[in-house]
Amino acid sequence: MEKEEIKNKAVELKKTTSFALKRTHAFIIILAIATVLLLIFALFTNTTLPKNSNSSKTPTYIQTALKLTTPKTASSSAYQSEIIISTNQDKVMAIGLRIHFDPKVLSDVDIKAGNFFASPIILVKNINKVDGIIAYDLALAPKQTPAKDNGTVAIISFSLPKTRISTSLNFLSTTKVMDLRYDKSVLKTSSGTTFSSK
Amino acid sequence: MIVMFFSNQILLSKAYACTAAPNDIDPTSILPNSSSSTNGIVCPTTAHPIATQVSWTAPTGGANAATSYAVRIRDHTLDPWTGTNCSSSGTTGNICTTTTNTSYPYTFQLNHTYSIWLNAINACGWSDNINPDPAASWYAASCIPDSPTLSSYSCSNTTGQISFTTGENTTETLVYYCNQTTEATTNQCETWTAQPNGYEMTSASPLETSPTTITGLTLGDTYSFFVRACNGDHTLSETICTDSNTQRNPATFNCQSPSAICTVDWSQFPSISANQTYNIPVTVTSNFDFNNPVAYLDTNVITSLSNQAENNDGTDTFNIQLTTSTAGSHVIQFFLDDSNSQGILCGSKTFLASAPTSAMQLSFILGLDGIGSTGTHRDPIIAPNNVLAPTVTSFPITVTVTNSSHTYTEQGTIDYINDPAAANNTFGKFKTTVPIDLGSSFASGNYNIQLSIPRYKTITLPDIETINSTPILHTINQTVNMITGDVNDDGEIDVADYAKLLGCDGQKITPITTGECEYADIDDSGTVDVSNFGYDYNLFLSEYASQIID
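The listed protein sequences correspond, in order, to chains W and B. For the first sequence, position 62 (counting from the first letter as 1) is numbered 62 according to our numbering, and the numbering increases by one without interruption. For the second sequence, position 435 (counting from the first letter as 1) is numbered 435 according to our numbering, and the numbering increases by one without interruption.
Just chain B, same shape as in the assembly:
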């Protein structure tokens, strides 16, 4: 007891050595501090983490130095504060305690508002209350940015533009977009918050300002997008972002073609004369890059169309091959298409084809037995409408037009009509794509017309044709099927053809084959099949019997 008494006396005598209360704590030494950039809790980052203690510098004082400190921390989220509903220990909540140290461990909570009071204490008394921020709200740290708001978006072909507004605590904005068309099967565009940097999204830029332009979109594809507002130091991993709440269900816009524009430069379009073939270059300029020209009207005029230069810059050069058998006005409408199949009218051209230099052309349609839509077929289901598509689609033809005073013999070709929708059920027949030109010396009159095609019996049309030199094009409307089986190509079908057919049995024929057995492949199957009553043989017999012996 005596020892304890003296010990207390020594301490008291030491405390009593002071003459006054300690000096006030320097408020600028208190951390965290609203004016400090080093230990603040406003928008904490890895480099600047949220504070985990309150610290201060001991005031100077000599004999009046502080021997302890009163620490009071008020968490305003726990209001009301009564001054007594505080704990003497702990690292969160309201604290009322003393310490002999110059710091007190305390975990500040994000988005809480705090007030701090510190007093220095010695045996002579307490210093004044020191509050580092009299406003008592300097610790409020609402670091979550306000949601951005999409104000408008637009699409001009392959370029999109997004306008948005941002709110408080936004230091950067990220814009994402996703191709709904290409990602539609897995709906991956919906998962972007789970994978903010996922492959299905592309950030146009780490830091975007409104309006943001997105280039390189695919014409016709549908895009969704959203904006993220962030508050940080521009390092993505340290950025706190929030989604655009109002746009959480992705807004979409459609970049399809209605606003696409293309124009055609027709400046190299020449004067057109009927029955002439022209190759005409046209330059097409568009505000998007296209791949294929796909449609054009008046297909009787245009015979082919090809892309001569794919420039990948919205300007392409195409070649139109054009021919018309009819003098007069024609219209070409030039369409382009992208892969989504919606045609774009780029331009129209109306031109006047002058009369051809020659005076007379013949046009007609024939059926060629054994191939196409006439005669019998080995396999009638081989093509639609019971049409056996031929391997050879163009045949030379000799046309002899005669009467008592004139004979005109001209060469030409007839071509396969490979169009199930061809007028007058002519699918599978053959026609003179380029009319037979009888020449400018042709005299009007009544004529017999003889037609000769290799492999077919030469025929004379049953009816006499009255052919006048005007109009220019005379179309023969007589329906004629030519009989096949002229294996030796002498214009007749007789026992000489029979013998030759038997001699060609088993021969392989290709479309380019020329030689002894070229015309023995009557059904155009690629092989001369005679043995065991093969199809060529049977077809030959039926054709043979059907002919009229002259």
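Same shape as in the complex, but just chain W:
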């Protein structure tokens, strides 16, 4: 009688164990499928570039940098500073430069296009010698291949007084670099230059 009871319990335990194993296997399979789906979803979202993102983080497509070089002497009182661009993966079609200078220090300020754009269209060129603002917008014509990598966007020329004085050229926040694929400017960083006359 006892043997019979023990035998029954063993059979029952075996059945229970077998059911639990089957359930574990099913759960593992479900988890695997979910993992694959999540992985696909994650990969998919990573390949989609944000457009008009309001995120506080800098979107990944914004990769361009502008830099004003330290002015070089062109003559006894004339200097030139180049605006260097580095686009990384961006493909640039238009650039709107807004650069501030001290009109009390710099004189004969002028700006001309560099070689970054081949045959650029000058949209606007305005040098406000009262407020000390250079507005220089240049772009490629429709159907032209956008420019990328590094290059000189423009060259600023100016004169400095003969007395030694420190001054600077700085980009204003309204400076924009446009890639046709995006509505927003792709300008990530910009750095001006501080210098003094000899």
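Among these hints, one or two may not hold up.
With a Cα cut of at most 35 Å, we get these calculated DSBU-like pairs of lysine-lysine [said to hold, decoys possible]: (1) K508/B to K188/W; (2) K125/W to K431/B; (3) K500/B to K148/W; (4) K125/W to K508/B; (5) K67/W to K500/B; (6) K431/B to K184/W; (7) K188/W to K431/B; (8) K112/W to K500/B; (9) K184/W to K508/B; (10) K143/W to K500/B; (11) K431/B to K143/W; (12) K125/W to K500/B; (13) K184/W to K500/B; (14) K91/W to K431/B.
Because the hints were derived from the structure by calculation, they are not lab data.
Mind docking chain B on chain W? Use the hints.
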């Protein structure tokens, strides 16, 4: 010879059997007869044709019966009658003959006068002369009616009235009228005698009495008419008519509007407050049926007018949509017109618009580059005065009025001025049809005014405006053209707009399009044309360069 002799003797012996001349012929048996209605020749008709013989009944007499008859017919038109200038045979003219029959074939002529004498004859002698009408004129048959005479005619809008008189032999009168205005090209009104029942004429009635009223005339059309006098049995095909000789050249009358009358029921006209829009029903009653209201004065007040119910009975209900930006007295003159373009003043309404509840409104006129009369155009001959008519004729505008202590920002609209005769050469510009309401809390002062319209660079008017709370409406007289090219609608025109413009190349834009490229169709042509230096692109470049960089 012997045989012939005896034969004559037998006849003579038979004739000699009489004892007296025949009895007289019964005059009432003679036809035609003036008292007869069956074979008379007065006004012959198909049913009663003109007589073609003289007939009579043989008088009774037995042995004294007539063996022949003497027939004499006198046609008075062949006078003088001598008694011998007559023929022994024939069917017309003067006849002097005998016959053994009780009739003699004779064709009576219309409008001739006849006398007839008949005698019965036998071997014993002649009866008395029998004349059916001793007056000897009973056959006179002047069946042509006298010409009717038009005595007067009048026209009261769509109803005409004709008065006439008729003469002898007129048993019925027909009145015809013809619309000279609609038939003028072929002058068909002149052919009515050739086609008395022609389509160009309408008989008001087979039998008219004077005066005759003709209804259903068209206001402003010119009508001619005539009257025909007829003598018959009222069956047109059997009627003998004559035209009105004195009116043979059609008399005309003019039913145009001078006598037309219309009145306006202004009873539902409300009290008017400036800057409010009202829909006011007015009922117009006239003595004619009109189609369209066409004119009204003080168009600065009335914004639209529509016919709410075309009743086709001279009473119509119209809706006047009214708004005025100016308090004070205004006058509306309500005109109606028929298709002939002569306006009819139906009524005037003078009303006093009270001051608006809000304290201050701004009104101004702007030029919008690229459309209308400002900027450059793709096709300057597209409209008069070098004005490129815009597809979109109304734009939203945001007005910001600021000074050191106050800021008022209000929305409104500006509307296209589509009037080549607009004052101060403002045709092709845009204006605030409804002034911008700054609200009752507005404080007088000197203000900067900033204007913002989609597709255009936000501008600040160059001059400071001194705005006082009275008068209510402040009109800004600064002349400003707004620069187009704000493709991304951020109020600025920069390289971001340039990039977006290039991205919208080839896009089709309709006036109701909203979306990414809505503002890239700078010249309002319906397509964003950038490639190959398309017009939108060129216009963008010129506008871009013309802006003042802030």
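* **Hints that the structure is at odds with (numbers, increasing)** => 7, 11 and 14
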